[in-house]
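Place chains B, C and D on chain A using the hints.
Number of protein chains: 4
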Amino acid sequence: MQLGMIGLGKMGGNMAARLREKGHDVVGYDVSPGARDVETLSELVDRLDAPRVVWVMVPSGEPTAAIVSELGDLLSEGDIVVEGGNTHYVDDAPRAEALAAKGVGYVDAGVSGGVWGRQNGYGIMVGGGVEDVERLRPVFDSLTPDDGGGFVHAGAVGAGHFVKMVHNGIEYGMMQSFAEGYELMVASGIVKDVPGTFESWREGTVVRSWLLDLLGRALEEDPDLSELRGYVQDSGEGRWTVQAAVDLAVPAPAITASLFARFASRQDDSQAMKVVAALRNQFGGHAVTKAAPTDAEQG
Amino acid sequence: MQLGMIGLGKMGGNMAARLREKGHDVVGYDVSPGARDVETLSELVDRLDAPRVVWVMVPSGEPTAAIVSELGDLLSEGDIVVEGGNTHYVDDAPRAEALAAKGVGYVDAGVSGGVWGRQNGYGIMVGGGVEDVERLRPVFDSLTPDDGGGFVHAGAVGAGHFVKMVHNGIEYGMMQSFAEGYELMVASGIVKDVPGTFESWREGTVVRSWLLDLLGRALEEDPDLSELRGYVQDSGEGRWTVQAAVDLAVPAPAITASLFARFASRQDDSQAMKVVAALRNQFGGHAVTKAAPTDAEQG
Amino acid sequence: MQLGMIGLGKMGGNMAARLREKGHDVVGYDVSPGARDVETLSELVDRLDAPRVVWVMVPSGEPTAAIVSELGDLLSEGDIVVEGGNTHYVDDAPRAEALAAKGVGYVDAGVSGGVWGRQNGYGIMVGGGVEDVERLRPVFDSLTPDDGGGFVHAGAVGAGHFVKMVHNGIEYGMMQSFAEGYELMVASGIVKDVPGTFESWREGTVVRSWLLDLLGRALEEDPDLSELRGYVQDSGEGRWTVQAAVDLAVPAPAITASLFARFASRQDDSQAMKVVAALRNQFGGHAVTKAAPTDAEQG
Amino acid sequence: MQLGMIGLGKMGGNMAARLREKGHDVVGYDVSPGARDVETLSELVDRLDAPRVVWVMVPSGEPTAAIVSELGDLLSEGDIVVEGGNTHYVDDAPRAEALAAKGVGYVDAGVSGGVWGRQNGYGIMVGGGVEDVERLRPVFDSLTPDDGGGFVHAGAVGAGHFVKMVHNGIEYGMMQSFAEGYELMVASGIVKDVPGTFESWREGTVVRSWLLDLLGRALEEDPDLSELRGYVQDSGEGRWTVQAAVDLAVPAPAITASLFARFASRQDDSQAMKVVAALRNQFGGHAVTKAAPTDAEQG
Numbered sequence: 001m002q003l004g005m006i007g008l009g010k011m012g013g014n015m016a017a018r019l020r021e022k023g024h025d026v027v028g029y030d031v032s033p034g035a036r037d038v039e040t041l042s043e044l045v046d047r048l049d050a051p052r053v054v055w056v057m058v059p060s061g062e063p064t065a066a067i068v069s070e071l072g073d074l075l076s077e078g079d080i081v082v083e084g085g086n087t088h089y090v091d092d093a094p095r096a097e098a099l100a101a102k103g104v105g106y107v108d109a110g111v112s113g114g115v116w117g118r119q120n121g122y123g124i125m126v127g128g129g130v131e132d133v134e135r136l137r138p139v140f141d142s143l144t145p146d147d148g149g150g151f152v153h154a155g156a157v158g159a160g161h162f163v164k165m166v167h168n169g170i171e172y173g174m175m176q177s178f179a180e181g182y183e184l185m186v187a188s189g190i191v192k193d194v195p196g197t198f199e200s201w202r203e204g205t206v207v208r209s210w211l212l213d214l215l216g217r218a219l220e221e222d223p224d225l226s227e228l229r230g231y232v233q234d235s236g237e238g239r240w241t242v243q244a245a246v247d248l249a250v251p252a253p254a255i256t257a258s259l260f261a262r263f264a265s266r267q268d269d270s271q272a273m274k275v276v277a278a279l280r281n282q283f284g285g286h287a288v289t290k291a292a293p294t295d296a297e298q299g
Numbered sequence: 001m002q003l004g005m006i007g008l009g010k011m012g013g014n015m016a017a018r019l020r021e022k023g024h025d026v027v028g029y030d031v032s033p034g035a036r037d038v039e040t041l042s043e044l045v046d047r048l049d050a051p052r053v054v055w056v057m058v059p060s061g062e063p064t065a066a067i068v069s070e071l072g073d074l075l076s077e078g079d080i081v082v083e084g085g086n087t088h089y090v091d092d093a094p095r096a097e098a099l100a101a102k103g104v105g106y107v108d109a110g111v112s113g114g115v116w117g118r119q120n121g122y123g124i125m126v127g128g129g130v131e132d133v134e135r136l137r138p139v140f141d142s143l144t145p146d147d148g149g150g151f152v153h154a155g156a157v158g159a160g161h162f163v164k165m166v167h168n169g170i171e172y173g174m175m176q177s178f179a180e181g182y183e184l185m186v187a188s189g190i191v192k193d194v195p196g197t198f199e200s201w202r203e204g205t206v207v208r209s210w211l212l213d214l215l216g217r218a219l220e221e222d223p224d225l226s227e228l229r230g231y232v233q234d235s236g237e238g239r240w241t242v243q244a245a246v247d248l249a250v251p252a253p254a255i256t257a258s259l260f261a262r263f264a265s266r267q268d269d270s271q272a273m274k275v276v277a278a279l280r281n282q283f284g285g286h287a288v289t290k291a292a293p294t295d296a297e298q299g
Numbered sequence: 001m002q003l004g005m006i007g008l009g010k011m012g013g014n015m016a017a018r019l020r021e022k023g024h025d026v027v028g029y030d031v032s033p034g035a036r037d038v039e040t041l042s043e044l045v046d047r048l049d050a051p052r053v054v055w056v057m058v059p060s061g062e063p064t065a066a067i068v069s070e071l072g073d074l075l076s077e078g079d080i081v082v083e084g085g086n087t088h089y090v091d092d093a094p095r096a097e098a099l100a101a102k103g104v105g106y107v108d109a110g111v112s113g114g115v116w117g118r119q120n121g122y123g124i125m126v127g128g129g130v131e132d133v134e135r136l137r138p139v140f141d142s143l144t145p146d147d148g149g150g151f152v153h154a155g156a157v158g159a160g161h162f163v164k165m166v167h168n169g170i171e172y173g174m175m176q177s178f179a180e181g182y183e184l185m186v187a188s189g190i191v192k193d194v195p196g197t198f199e200s201w202r203e204g205t206v207v208r209s210w211l212l213d214l215l216g217r218a219l220e221e222d223p224d225l226s227e228l229r230g231y232v233q234d235s236g237e238g239r240w241t242v243q244a245a246v247d248l249a250v251p252a253p254a255i256t257a258s259l260f261a262r263f264a265s266r267q268d269d270s271q272a273m274k275v276v277a278a279l280r281n282q283f284g285g286h287a288v289t290k291a292a293p294t295d296a297e298q299g
Numbered sequence: 001m002q003l004g005m006i007g008l009g010k011m012g013g014n015m016a017a018r019l020r021e022k023g024h025d026v027v028g029y030d031v032s033p034g035a036r037d038v039e040t041l042s043e044l045v046d047r048l049d050a051p052r053v054v055w056v057m058v059p060s061g062e063p064t065a066a067i068v069s070e071l072g073d074l075l076s077e078g079d080i081v082v083e084g085g086n087t088h089y090v091d092d093a094p095r096a097e098a099l100a101a102k103g104v105g106y107v108d109a110g111v112s113g114g115v116w117g118r119q120n121g122y123g124i125m126v127g128g129g130v131e132d133v134e135r136l137r138p139v140f141d142s143l144t145p146d147d148g149g150g151f152v153h154a155g156a157v158g159a160g161h162f163v164k165m166v167h168n169g170i171e172y173g174m175m176q177s178f179a180e181g182y183e184l185m186v187a188s189g190i191v192k193d194v195p196g197t198f199e200s201w202r203e204g205t206v207v208r209s210w211l212l213d214l215l216g217r218a219l220e221e222d223p224d225l226s227e228l229r230g231y232v233q234d235s236g237e238g239r240w241t242v243q244a245a246v247d248l249a250v251p252a253p254a255i256t257a258s259l260f261a262r263f264a265s266r267q268d269d270s271q272a273m274k275v276v277a278a279l280r281n282q283f284g285g286h287a288v289t290k291a292a293p294t295d296a297e298q299g
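Residue numbers (UniProt numbering), protein chains in the order written: chain A, 1 to 299; chain B, 1 to 299; chain C, 1 to 299; chain D, 1 to 299.
Isolated chain A, as found in the complex (with noise of 0.2 Å):
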C-alpha cells in the first residue's frame, strides 16, 4: 500500500527500505536532503493519494510534536497519522483528539528492532482504534519478521507506547539483575572465570537470553570491562514506567532499584550521603554545644 515517511533516520530509513522491499509505495521525507523524496511536509502530503497513512519517525518531544501538529494543519478527513517513535504515552490522547476534530485518526506504535530490523523485522506493539490499526495491517505485517510474531495491538491510543515504555522498564530490571550478578562475582574473589562463567549459562540455563547473549559478547571484547566506566545514561522510559507505578499505586521495587542505580552511576558525590556522614560526626561528639550526641561507636 502507499504510505508517507517523515523521518528517514537508522529506524525510518530502514523501515522504509524494508516496506519498499515488500512492495510498498513509499514516499519518504527528512528534514536533511538525501533520501528524501519531497522536499516539504506539504509536497509529501500532496504526493500521497487520499486517504493518506502517514508514518511519524522522528526524535521523540519537540520533533514528534511539531510534525504531528503541521500535519494536522495538511492532512484530511480519513487520513491516519501512525507516530512510531518512544512518545511518553500521555502525549497520544491529546494528539489523537486534536486530529480527530479534523477526522484524523492517530496510532501510536511502539517499534523495537533497531539496525537488525530492516533484516529480521521489527517488533511492534500498536494503540489504536480497531478500524485504523486494521487498515494499517499490511504495512505491519511487512515490518514484523517473515515467520510471524512481534506485533500486538495492545489497545486504544497511547497503549502502543505504554507497552513500549513497560517493555523498557522490564529491560532495565534485567541488566541490574545481570549487573549485579557480576558484581557480586567479581566482589567475591572466589570466582576466577567471570566471563567464562556467563558464558556457560547461554545454554541451558533459566537466564538464557538476548541480553545474556549480549554481555557474553561484551566480555569476550573485554573480560574486565576494563575500557568502560559505570557511567549509565537513562532514556525516559525507564523514567516514565515508575512514575507509572506511582501513579498507578503498583510496587516496582526492581525497576525502581534500576533506575536510581543509573541516577547514583551519574554522581561525583552524593549529597545524600554527605548527609549520612555529617550525622555520624555529630554522633562523635566533636561539637561540644548543649545537646547530647551519642558515641559513634555506639550508635
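Rather than coming from a laboratory, the hints here were simulated on the basis of the structure.
Just so we're clear, the structure is a prediction, and the values are computed from it rather than from any experiment.
Just so you know, not all the hints are guaranteed correct.
[What the hints assert, rightly or not] Straight line, CA to CA, 20 Å or less: simulated SDA-like cross-link-like pairs of lysine to any residue: (1) K10/D x V38/D; (2) K192/B x L248/A; (3) K192/C x V38/D; (4) K192/C x V130/D; (5) K10/B x A93/B; (6) K192/C x G13/D; (7) K192/C x V90/D; (8) K102/D x S76/D; (9) K192/B x D132/A; (10) K10/D x R280/A; (11) K192/A x A93/B; (12) K22/C x K192/C; (13) K22/B x S142/B.
[Unchecked claim] Now the in silico label distances, taken between C-beta atoms and shown as ranges: (14) V31/D x A50/B: 50 to 56 Å; (15) G103/D x R229/B: 26 to 32 Å; (16) S69/C x G34/A: 50 to 56 Å; (17) S226/A x Y231/D: 45 to 51 Å; (18) V31/B x S226/A: 48 to 54 Å; (19) P223/C x M1/D: 41 to 47 Å.
Backbone N, C-alpha and C fix where the C-beta goes; we use that ideal spot for every residue, glycine too.
For chains B, C and D alone, kept in the frame of chain A given last:
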C-alpha cells in the same frame, strides 16, 4: 569412565541415564530400592575401582552433609567426591578440608537443566582443583549439551555453588522485572491484550528470553492468571545471594527487592504496616495525653 | 493585622482562633454556615480593607483550585492570596501567574501542627516573593510557636509546598524504618518485650523522636497491635516526593520503598507475584510442549 | 554493689565513673595501665567478693571473645559476666553456654548514650535470665537516666544485643530518609534555604527528632556540607539487621536501601554499572556478528 551416582531421583537418575548412554559405567545408589545397583554406600564404594569418582546428587542440607560425611569414612586417598546439589557455598570448604585430610578430593558442581537435561544436556558450573576437575572432564563433557557450551570451571572449591547461587539470584531479579511489568499493564486499564503483548515480545525485542517464553506459555494456559495466588516460596539461593551481597559490601537492590517481594507475598498481614497504620492513627489526634500530635491531614 | 480565612475546619478554624487570640482581625468564610462571618467569598472580599490578605485553608486539589480561581476574579491589585493546603508544588506557579496578571500576590504555605497547633503553634514553610512574605510576617509570627522557630521562607512560589512535600516523604521513611524494626523484633521470637523495648528507646538513644513517642503510646494502648490491620493509605505527598526524585534524577530508595510498602499493604493479592508463581510452575516441567523447561529444584 | 569493669575507654571508663558516683564499688581493668586498679584479669577476679559481677566493655569481635573466654577460666559458680559491647547477637548463646558449664551467668547488654552518658545516663537493653538480670538491677538503675526510663529486659540471652542491632538498623533508615530529603531539596533548585528548612522542622513537625537536631547543628557549621565527602562506613549492626531480615523472611526494604547506599558511597566506580553500560553499548549495534542487536535509541 566409571562413576558412582548417589541419589537417583529426577536429577541424579536422569544424569546417570545420560552418562550411560554416552558409554560411562555408572553404579547407582539411592535410599529407596528400585533403580539402585547397590544396597549400601559401602557396597557402592566396594564396587568402584580405585581411584574412585562418586557424584552426590541428593537434597542439600542435612541429607548431603550426612552422605559426604559417610563417604569420608569409606573412601580412600585419590578418590573424588562431586557434590552436585544446591549447597550453600560456605559449606563446601569445610567438607573439602575434611575429605582432604584423608587424601580424598572434592569438587562442587552447580547443575542446571532439570528434567529436560537428560535430552538436551545440563549446564555445569564447577569449583575445585585443576587436577580433580580435569580428571572429571569426560563426565562433564557427556553431561553438557552435545554442541558444546554449558560448562565452566569457575574457581576453587565453593566457586561452582557460588556461581549457581548468583545465577539463581539473577533469575529472581529477571522474574520480578517481568512481574512488575505485568502488574503495571494490568493495573493501567490501558492495555487490552496483556498476554498478546508478552507474546509479541518473544521475537526481536531486547527482553526476549527463556523466561519470557515460559511466561508466554503460562499466559496462554491462563490469560489472567486467575488460577494462581500471588504466593511465592523462596529457595535458599536467593537468600544466600543477598547475604553474600551484604558480606561483600555489594549493593544488590534489584535482587534484594525480588527476595523481599516473595517474603511479603506470603504474609496474610504485615506487622510492619500495622506500625505505620498505628502511627497514622496517632497523628489523628485521637489520644489526648501530653504529647502534641500533628493532624493526619497535614502530616 | 486583618486577614480573611477561607476554610474553618480543623485546621483553618484553629488557625483563625489562634490569630484572633494574638490580636489579629480575622474574617472567616466556610462553605458550611456556622462559624463563618460572611456568607460568600464576595462578601469576604468586601469586608476586607485593601490591600487584602486572604488565607485559603481548604482541601487540596479541586476545592483549592476553585477557590483560588474565584479569588482571582474578586481580588484587586496589591492583595495577597496565601495557599495553605497540601497542594502539589507544581500547581503553585500557574496559580501565581494567573493572579499576577491582575497584580495579586501569591504565597504558598506548608502548615504542620494539626489539632495541637492552636495551642502549641504551627510549623510554617512558605514560598513566595520577599515583599509578600514580609508583609505577612505578623501572621506567621503569631502562628508559629511562641518561643520562636518553626518558620522558614524556603524560596520563591512553590518552595513552601515543595519542602512540606519533602517533609512528608522523610516522614514516610522514618515510619517505615520503625515499622521494619518492629516486625523484625516480633518475628525473631527472641524479643519478649517489644513494647518495652520501644519505650526504653525514648530516652537517650539515637532514634529518639516524636514518632517514637507516638509509637510508644500506640503500643501502650495495644501492645501487639492486634486491633489494627496492616493496611495503609498514602497521601499525595509521598507519591509526589518519588516523582520529584525521578524528575530530578535523585536516588531516593528508602522513601520509595516506604511508598511501595504502602501500595502492597492494600493489595489482597499481588498480580506481580502471580507472575512469579506462574514462572516457577513452568520451571516445574508440568507443561509438555516443545520448550525445554528447567527443573524447579535446580532453577 | 561491687563490680569489675573490664575496658576503661570512652565507654567503660565513663560508666565506671558514673557507677562510683552512685556509690558502687568498681574495680577497673584495662590492657593499658593508667586508670586501671588491677594489673591482670586474674587479679581483678581475686579482688572481687564472690559471687562476682564482671562487666566487659571492650571492642566487639576478637577482643571481647578473648576476654570472655579467659573469664570462663577464672570465674566460679554464681558469678555473672555482663557483655556490654556491640556483639553480634548470634555470638551470645555460645558464650553463655560455655560459661554455664561452670555455673557462671551471662547477660548481654546493648548500651547507648556515648560520651554524654556519664552525665545523662545510658540506654540499656539486656538479655539474660531473670535472676541474673534482677541481681544486676542496682547497676542498671544507676547507669540509666536519673528520671527513669532507658531500660528494658528484652528477653533471654542474645535479646539485648538483638534489640541494639535493630535500634541501629532503624537509625540507618532514619538517617537515609533525612539524607534523601536533603538531596531532593538541594537538587530541586527551588529551595533557597535548605539549612533553614531543616531548622524550622525542629519544632512542632512530625519529623522532629534528635537526628534532626544533629542535622540542624551540622548544617549550621557547614551549610552546604562542602567540607564533607559522601563516603560512609557501615558498622556491623546494619549488616546484621539485613541478615536477620533475610533469615526471618521479613521484608526490610528501607533499612536495606540505607545499607546499600552506604556500600555504593564507598565505590570509586561501580562494577555493576559497567555491565549496564556494556549492554547499552552492545544495543548500539557496533558489534557485527550474527546476533541481532536492537538499536539503543529504540531499546
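query: Looking at the structure, which of the earlier hints fail to hold?
result: Per hint list: 3, 5, 6, 12, 15, 17, 19 violated.
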